[in-house]
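Residue numbers (this note's numbering), protein chains in the order written: chain A, 1 to 254; chain B, 1001 to 1400; chain C, 2001 to 2737.
Hint data in this document are derived by calculation from the structure and do not stem from the laboratory. Virtual Cβ for every residue (Gly too), placed ideally from N, Cα, C. Treat the hints with care, as some may be off.
EDC-like mimics (lysine to aspartate or glutamate), calculated; alpha carbons at most 16 Å apart, straight line [stated by the list, open to error]:
1) B:LYS1169 with A:GLU236
2) C:LYS2587 with C:GLU2575
3) A:LYS51 with C:GLU2664
Facing chain C, a subset of chain A residues (Cβ under 10 Å, in silico) [claimed, not checked]:
4) PHE114
5) THR139
6) PHE208
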Amino acid sequence: MAKYGFLIDASRCIDCRACLVACSVENNVSMKSTRIWIKDSAVTGEFPDLKRYSAPFHCMHCADPSCVSACTVGALKQNADGIITYDNKACIGCRYCMYACPFEVPHFQWDQQFALITKCDFCVSRLEAGQAEPACAATCPTDAIQFGSQKEMLALAHDRIEKQPERYINHVFGEFENGGTSTFYISPVPFDQLGFPTIETTESPAHFNRIATEEGTPIIAGAVALGMTGIYLAMEHFEKKPHTDRKPNGTEEK
Amino acid sequence: MATVNLTIKPFKALEGLPRYVYVLAVITALGLLAGAYRLYAGLGVTTNLSTVFPWGLWISFDLTNVAFSGAAFTLAMLVYIFHMHDLHSAVRPTVLFGFLGYSSVLVILFFDLGRWDRFWHFLVYPNLSSALFEVSWCIAIYSGILAYELSPVFLDRFKNEKLSRIVEKITIGMVIAGITLSSMHQSSLGSLFVVQIHRLHPLWYSMMQPEFFLVSSLSAGIAAILIGSYASIWMFKQTLSEKVLEKLGSLLPWFLIAYLLMKVVDLFWGNKIGLLLTSGVYSALYVAELALMLSAAIWFSIKRLRASRQNALYGALIIATGIVINRFTITWFALSALNGVRYFPSWVEILLLIGVSSGVIVVYALIAHFFPVFSETLAVKDLPKHELAKLKIDQPVSGD
Amino acid sequence: MTNTISRRDFLKLGAATGAVLAAGQMLSPLAAQAARESGQIDQQGDGYISSMCEMCVWRCGLIAKIKGGRVVKLDGNPQHPHSRGNLCPRGQSGLMNTYDPDRVLTPLIRVGKRGEGLFRKASWDEALDLVASKMLEIKQKYGPEAMVFSSTHNLSQPLFENLLYGFGSPNYGTQRSLCFNAMIVANLMTYGMEEPGRDYKNVKYIILTGRNLMEAISTSETHDLSHAIDAGVKVVYLDPRYTKTASKAGEWLPIRPGTDLAFHLALLNIIIGEKLYDQSFVSRYTVGFDELAKEVQRYTPDWAAQITGIPAETITRIAHEFAAAGKYALAHNGWRTSNFVNSFGTQRAITALNTIIGNWGVTLFPALEEGAGLGSPPQPPYPRISALRLDGVPWKFPFVPLKLGIFQELRNGIYNADPYQAHGWFISRQNPVLSIPDRNKTLETFGKMDFIVTVDIIMNDTAWFSDVILPEASYLERYDPLLPVGDKAFIRQPVIEPQGEAKSALWIYKQLGERLGLADYFQYADEEDYLRQQLAPLGVSLEEVREKGYAEMPGEGKLEYSWNTTSGKVELFSETLANAGFDGMAKWEEPPMPAADQFYLLTGKVAQHTQFGTHNNQLLHKYSDEPRLSMNAKVAAQKGLKSGDWVAVTSEVGKIHILLEATEAIRPDCVFMAPGFGHISKGLTTAFGFGASDSVLHVTYTDPVSGGQALSQTFVSVEKIAGAPNEPVRKPLHLGE
Ligand SMILES: Nc1nc2c(c(=O)[nH]1)N[C@H]1C(S)=C(S)[C@@H](COP(=O)(O)OP(=O)(O)OC[C@H]3O[C@@H](n4cnc5c(=O)[nH]c(N)nc54)[C@H](O)[C@@H]3O)O[C@H]1N2
Ligand SMILES: Nc1nc2c(c(=O)[nH]1)N[C@H]1C(S)=C(S)[C@@H](COP(=O)(O)OP(=O)(O)OC[C@H]3O[C@@H](n4cnc5c(=O)[nH]c(N)nc54)[C@H](O)[C@@H]3O)O[C@H]1N2
Ligand code: SF4
Ligand code: SF4
Ligand code: SF4
Ligand code: SF4
Ligand code: SF4
Ligand SMILES: [Mo]
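Please work from the sequences and hints to get the whole structure.
Given below as structure tokens:
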């Protein structure tokens, strides 16, 4: 199944926040949390030589998502189309995903009595209802957010950089970050200036997590179980002493 | 004019229960009230947790607490696997301590969940790659096993010989299972941070975190026993013989050295030497922990020191400090606080924590009051004269 | 006082619903019955209905998603030329206006003192009877002119005008003089049309004079400009502030406020002096070129540099670049051109620039007049009105069209009882308490009224001080007359039934008209009948239009080379103006300047709010920035001020307290405040007391030719104050990001 993808162009975004409002309404997000927010460079430089860039930020929909590998109850899942979905029926609100996600995407409904996570899910219900685009992409007045197949979006990103090298830095954020994602960004300035996290590893933390949990733990468990049994039997064999005549004061007859 | 009699008249059954237990009971009640408020009002209002600081005091406490509660499996291993029967007298008080320690962890966790009403979900929605899932499972089952290991205490009281024998029989299987589960969740607690490679300070991040947690919990456990045996002199008029303490202490250097070696290996293989020199407060904390553990190792390798009740206590306290530094740095200072985010627990967070901890002592005292927890330990009054003198206890004292 | 809504009830209501309400969890009125019949939504009340946004006057086409009879989402209608499938943040948040817990849903009659906020609920009959009787009483006591009518541009305005002209009052206030009089009158004097259409298809070079399109959004035009920039079109943007438009423009010129005229005159000087203009167009289609050429000889780049603060070389270069782009160049005439008393001159210069570069038919097009080809109910001519207008149009201001008027002068006329005393004020879809400069004066003027009635959807500040409030159904709950755009006429139709007792303006005006004996001006049975009469000439059924969202109209008039001016040509020099003793063409006029220790107070839109009407919208509140006074960082430092400090801002007419924002993004001699904050109506739970209002500070200055208000001509001093002021202050929601 073809993967969905986003291309977000910081050179186009005017920080109008239509995408933020659209998301809140489409997904009925509680008034004190959000699934999408603006990252910006603020105004940099000295009057009158100034710059200012912004871009909306939401779930990257990683190829190998840390949140999915970490979620205590498997409430976060990866679809064949690359969408990372969230099952609010299963979630227990432990907030481990907030730590697992290198992009600090999952938000918690701090204002709710029974609080859950809220996270971009590509407007999956909207897509299933047959609407062409997620709410944020659909409404953007400058087409700073574009939606399509992951392949197309990546190609488009490189195409734009090639055609206007003076306009963009040569870096497609999301292509390799965290082991690759379905959300791609292009920008006139380095992404750390936009307040994006700098992700060195091209390997997703999920990978290391699996080593620890799916390989490490069983090995430790096996080793300990066997080791203990072995040692116990050995001890039994060598030491004949019955250990029944104990004095209540805990000292032993030798 | 009518006079009001203010002297508390406890039920017959509770006579002889130390006074402080009543005080702690009140504190516990207050703590649970704070907890109820949190459940009612939600985490946002009642805690100082936030999007940039989602885990706080409670999680840090839980992880530290589990390390100390490692006492139970460590001792079980020494006694039943390595046949150090002379340590047997410590088993019951320690197992009870472990059991209540884990229970308090579960209670705190319950209050920490956004959907506490779904605390049981981990039983029906497994995610095998989740460290937190493993932890939940192991702790749940292990608590059962501790309850089992504890059962003789109760069976004794009811003088149920037959049952006792059966229990005795399968004990060893249970013990091995318990040790296995413990090593699983102790290490899984370390695994929690393996995925947080972008969050945890690089100096403190390590793929060996699981092993660190596991091995350090051995020392933490023994330290807990040493401290506990000292505290119970005042709390329960019971303690362990210096002989037992000495034996336990003699094992610490090995555990500590093992831990230190692993840390050093990690420093070199993860080539963190540079980081160690440049990470300011995080380096300081790192060095502090290692220094404490090292000095403790040396301390306990000196027989004269570990053979003395007081000195054993001091050594144990050094280790405890190291453990606290380690767990709090990894769950707090070098994690969420990393980007200069300020967090100080709210009064609800603090009160609930104090309440639950007090609750642990209350329940411990009650069980010890009704059941033979201290059947094999030393009554303070039986301590040798020179010790009593050192402890400034004018004997003989009858349990009031 | 069970049926008395007091301020506390409003606050309670808000506290109850406000905090927890999320966009979708809202009261659930019935699905629009009409929509159900026409099969647009099914029996469960699910479906999609196309209509039109009214969160601002751009009126984008929308498609409402209905679930269980509730609007749950609004999307842009791809077929509508104003939205093209997009909606701006305000459009996206529209359903929150409709579901605002503070909505006024029954007619209210004041019981307490004015401004006390005590009202009682009333039936429509009672309320309408009361309004009608009061109006008739005023009419026969003082004459119809004693009744003032004002309303901001909206689709039912023709019926509003029937009400006032039928009633016989000349006193008509609209937002226009606060907004675009300078631009409209300049266009009328030059082209004989209000506003030529702009086309970005072929544009190669754009000069934007303070048109902040990336914040003061018009979805389609913002989209066009953005894509033009993507395609490499150069945009030169003049604004004393580094706005979001400035950040996208190829070149930002932080021009000194009020000196755009000098800048454009210098461009004319070079382009004409160096013969870089389109001589054939000029000779064939214009009059007055020679006078213009002679006049602009004085305006050299060096001269302009002194005044504007923009280097002469820059001005020269831009003139050359602009001329090089020839007919593909566009000097944008802006929109809210109510900045200085010389703004009319600026607009004249801009029209001249466009004319001589010959971009007519390439980037500028003749606009076709609204409503052409649509029918309307029959109605008798209006009674003759002899009384003078309180706003001085035309007797003081001969060139201001009656339908534009001069709102701020109207307010002054009432205040000074000049030339006579007005006694009643009928206000619809307008918030003059905040939109007219000098709020205190406006409130005093309210005090002189025997009777004030306001038609609104919420308890805005104007309603708060009114005697009767008539609740209109929101734009998602009602029909309005059709809106022709290009070759289509678009429909606004109810996507849900009105909540409470709310009714459409079409209904309210008709009901009132009948009670005032003006039934002949409202010859339609109901809203649908009105639309049917509009559609009659097109021969399409209302049902079809409701389904499709629009009706096709006879094809767009093609390119026209005749202009509705006295000369029939483009008038670079206007005899009419000259004869009336005004400048026949753009001439330099020195605007006033702030004293050494004072600042220009600038105003301007933010992308998340519209004027003075959306600040109670919880979604927009959630996602907009905390309102602050922007001041140049270096100046702030010199004054010992830093971001987050509380400051007192004082002008000739008022004083406010506000948080300071020290930023590089503004000229050192300016400070900026976003309009629309600092609401004083306690009926607005979210907006009340949040931020401060710049209208408190604005001094009233009117341009004698166009009647435009000069909103940037207010000068203020800024002083630090200790701690937060005692007036209520509220923080915006924090999302931890
Ligand atoms: N989001 C949003 N969009 C809107 C509206 C809204 O309320 N909100 N309102 C709509 C309406 S009614 C209108 S009229 C338009 C208005 O849209 P615009 O015409 O763009 O008007 P403003 O945003 O009010 O002001 C634009 C800029 O003028 C600058 N300015 C002030 N004085 C001067 C000066 O002397 N010279 C120059 N060059 N610049 C100056 C201000 O700094 C401000 O940035 O927006 C429409 N679109
Ligand atoms: N300081 C300052 N003053 C300004 C400006 C500025 O930028 N700064 N801008 C100027 C400009 S450009 C303009 S256009 C004017 C606008 O000035 P106004 O038109 O007076 O202000 P609005 O906020 O547009 O008024 C809209 C009112 O209609 C109400 N409303 C909303 N929807 C409906 C509806 O469906 N039916 C009815 N009956 N009422 C409804 C709203 O609650 C609000 O009270 O302000 C001008 N004044
Ligand atoms: S809608 Fe588009 S332009 Fe507006 S903030 Fe979102 S991405 Fe940026
Ligand atoms: S961005 Fe974060 S939340 Fe989204 S998929 Fe990747 S890890 Fe999960
Ligand atoms: S908060 Fe919910 S989604 Fe996140 S890890 Fe915990 S259970 Fe999974
Ligand atoms: S895709 Fe949907 S859920 Fe994700 S940010 Fe956009 S609107 Fe929100
Ligand atoms: S520009 Fe925005 S507010 Fe105005 S009509 Fe269009 S969507 Fe609505
Ligand atoms: Mo306007």
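Tested hints:
1. B:LYS1169 with A:GLU236: holds, 14 Å
2. C:LYS2587 with C:GLU2575: holds, 15 Å
3. A:LYS51 with C:GLU2664: holds, 10 Å
4. PHE114: violated, 13 Å
5. THR139: holds, 5 Å
6. PHE208: Given a least distance of 27 Å, the restraint on PHE208 (chain A) is violated.
Checked against the numbered hints above, the structure breaks hints 4 and 6 and satisfies the rest.
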